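**Student:** For reference, the chains in residue letters:
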Amino acid sequence: MQNLKLDAIKRKWKRKDLVALETLDFSEIEAILLAAKEFKTILKENLPLPFLKRRTALALMVEPSTRTRVSFEIAAKKLGISFLSIDYKTSSIQKGESLKDTAKNLEALGIDFLIIRHPAAGSAAFLAKLLNISVINGGDGAHEHPTQGLLDLMTIEEHFGTVRGLKVLIVGDILHSRVARSTFWALSKYGAKVKFVGPITLLPSYFKDFGAEISYNLDESLPFADCIILLRLQHERQRKDLFPSISEYIASYSLTTERMKKCKKDVLIMHPGPVERGVEMESELADSPNSAILKQVENGLAIRMAVFYLLGSYFENRP
Amino acid sequence: MKTEEAFFISAGRLIDPLLRRDEEPADLYVAEGKIVDPANYPKDFPWTKIDAQGLIILPGLTDMHVHLREPGESRKETIRTATMAAAAGGITTVVAMPNTIPPADHPDTIAWIRKKVEKEALVKVYPTGCLTEDRLGEKLAPFQSLIQAGAIALTDDGSCVQNARIMRRAMEYASVLGVPILDHCEDTALSDGGVMNEGLWSTLLGLPGWPSIAEELIVSRDILLCEKTGAKIHLQHLTTEGSIRLLRDAKKRGLPVSAEVCPHHIALTESALKEYDPRFKMNPPLRTQKDREALIEALVDGTVEVIASDHAPHARFEKEVEFEKAPFGVVGLETLVAVCLKELYYSKKMELVDLFAKLTVGPSRVLGLEPPSLRYGSPADLILLDLNASWQVDSKAFFSKGKNTPFEGMNLKGKVVLTMIDGKIVWREKRLVEEQKMV
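Those protein sequence lines, which keep their order, are chains A and B.
For reference, each letter of the first sequence is one residue, going 6 to 324 in the numbering used here.
For reference, each letter of the second sequence is one residue, going 51 to 489 in the numbering used here.
Hint data in this document are derived by calculation from the structure and do not stem from the laboratory.
Just so you know, these numbers come straight off a predicted model, no measurement behind them.
Cβ coordinates follow ideal geometry from the N, Cα and C atoms, glycine included.
Heads up, a few of these hints could be off.
Said to hold, decoys possible - Okay, derived cross-link-like pairs now, SDA-like style, lysine to any residue, Cα gap no bigger than 25 Å in a straight line:
id : chain 1 : residue 1 : chain 2 : residue 2
1  : A       : Lys17     : A       : Leu48
2  : A       : Lys245    : B       : Leu250
3  : A       : Lys100    : B       : Phe367
4  : A       : Lys100    : B       : Glu123
5  : B       : Lys375    : A       : Asp246
6  : B       : Lys324    : A       : Pro209
7  : B       : Lys324    : A       : Lys100
8  : A       : Lys213    : B       : Ser321
As the list claims (entries may be wrong) - From the structure, some residues in chain A lie toward chain B, with a derived Cβ separation under 10 Å:
id : residue
9  : Ser103
10 : Leu104
11 : Pro124
12 : Phe131
13 : Leu135
14 : His148
15 : Lys245
Chain A on its own, in the form it takes in the complex:
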């Protein structure tokens, strides 16, 4: 089914892969966002969808992931793309096959999209260079998780109408977070003022060179924030002595109803999930009117449809 708006967006698309947001320019991010909005409208109003028939997407999950995989899967199926996924536990990577060989084999089987989730930073870039099919980064180590960054951007823009000038806090384990990086790049390219907040051991000063502000004190950062994005705290970091204890982390960096008193009344609370209630935030806050957590999930679907749609056009647009 032809959609003139989507057609116009996809004609300008020139990338085979979605590896990182750092390297995308504003107009490319804008294209994905515009397409995602269109898909959201189509879904809401039950309009006919454009189909990417006879295309196959495969998710190679070398690291556990449920929500990202399911979101990609539903996005694919809504577009008529056949979707399958390989779990790292059952893949031949477990038998010692190299990522290169695994990916080359999958390419030879004729897939069109490869979604890769991998614990090693750079693995999506590695495959994008290696393969002549579209590679979508579903999270590579501590590097990037571009669709998450895009859905965060979409959620914030939708809520505030504009992103320019907004003050956004990203709180938690910034050092190991691919979400922090992707969301930072998306928001800062759209003109938001991003401040990273977390314990010093998880927030090295190099983040200042990204063009972000950094702070080790959540309490003093709260009053100015329009939006607070809380990140999941991975317990294995504590075992590596990066902070003394979970309770000490909670005391300094957990968003509580007490701390909410310091915030703007209508501050937007976001979290990429899965939320560990009582650690990153007090349980009630996740369900409060300030929370946009489920909106993020909903927008994630539209973003991933847009990504399939635009990357799918790469091979059409080529002369």
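Could you slot chain B onto chain A? The hints should help.
**Tutor:** Chain B only, in chain A's frame:
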């Protein structure tokens, strides 16, 4: 037996770093494996003339940090291929690191290497022995037997001894035996699985960082232990500004500390990793521009006396993996000279005679070898260098089995066109001259 060929190398520019000689035109005569005075030979002696006009005549170079990969890892490199690469790179003496399989922690391994070298090597090879058994940093290796078997120095290269007590004992013991210890300076609790310099780029790329302080902490430990024990300690492949500062201070106090830097660390910085290309992954990692400048300054002012390649070949498939999984190491024998010329000579930082001292006199003094020279009576280990020859790095053309160069495609100037060892030509531009054995 065929009488050895004698050579008359005519009208070149002769550079002898030991004598700090740099003159042109100069002639050189080679007979019976040595540099000779033609006055001692009859007028009609059958010299074979080599026209060296426009070429530089240098003593053969010494690379004191090379991984030959034998025994045990011939998929990466062999004694044969590495020494072919060395000959083509103008390197007439290499020092082999002991991180082989098995490691050279037993005199039998040293003996095995020497035997294989005698049969297959094109250049002179000096093996090193391990500092500790299995390079685990726990129990001292049998230093004396290793030295008797032919080890020229002791090192656990690549696996720095973490326990300061073991290192102290090793240095005490080595101080009596008079051989240097070569140390790869890395506090592994601090480097903690890092794969690149900890800094802006590791933060951008999301890769685990290997901080400068992990090197500097061991550099300071080694300097303090050197002061305590009097052992000769050589700090391998230094990479940070802080290490240089510590070394400079130690030298001011007259301690027997020496150090080397590698061509890749003076030519490249961490930003080279932006595409996650494992060809730029080595240990210690590429650092910042400031560090790079400090290393160059240290070469210029004499704080660092040695340049070494840390030639570390790997099979192609081993490097074609996720960056974090790729093994550390780059090849360097065949690019050593030209990269040094680019970064030090063509950039107007150093005179040729000083630059080549770092590849001749420098390492030989650290190792206690006779310093290479072109004096009468010296072994005729020499090279002819075409300073102006432009070429492009193409790993496919390497003699080394390792194609993992960080300089692929780079345009360089300066090429070794002839390499002679003990009066025999082993390399002449574009072809290796087959010779049997050199050591």
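**Student:** Of the numbered hints stated earlier in the document, which are not met by this structure?
**Tutor:** 7
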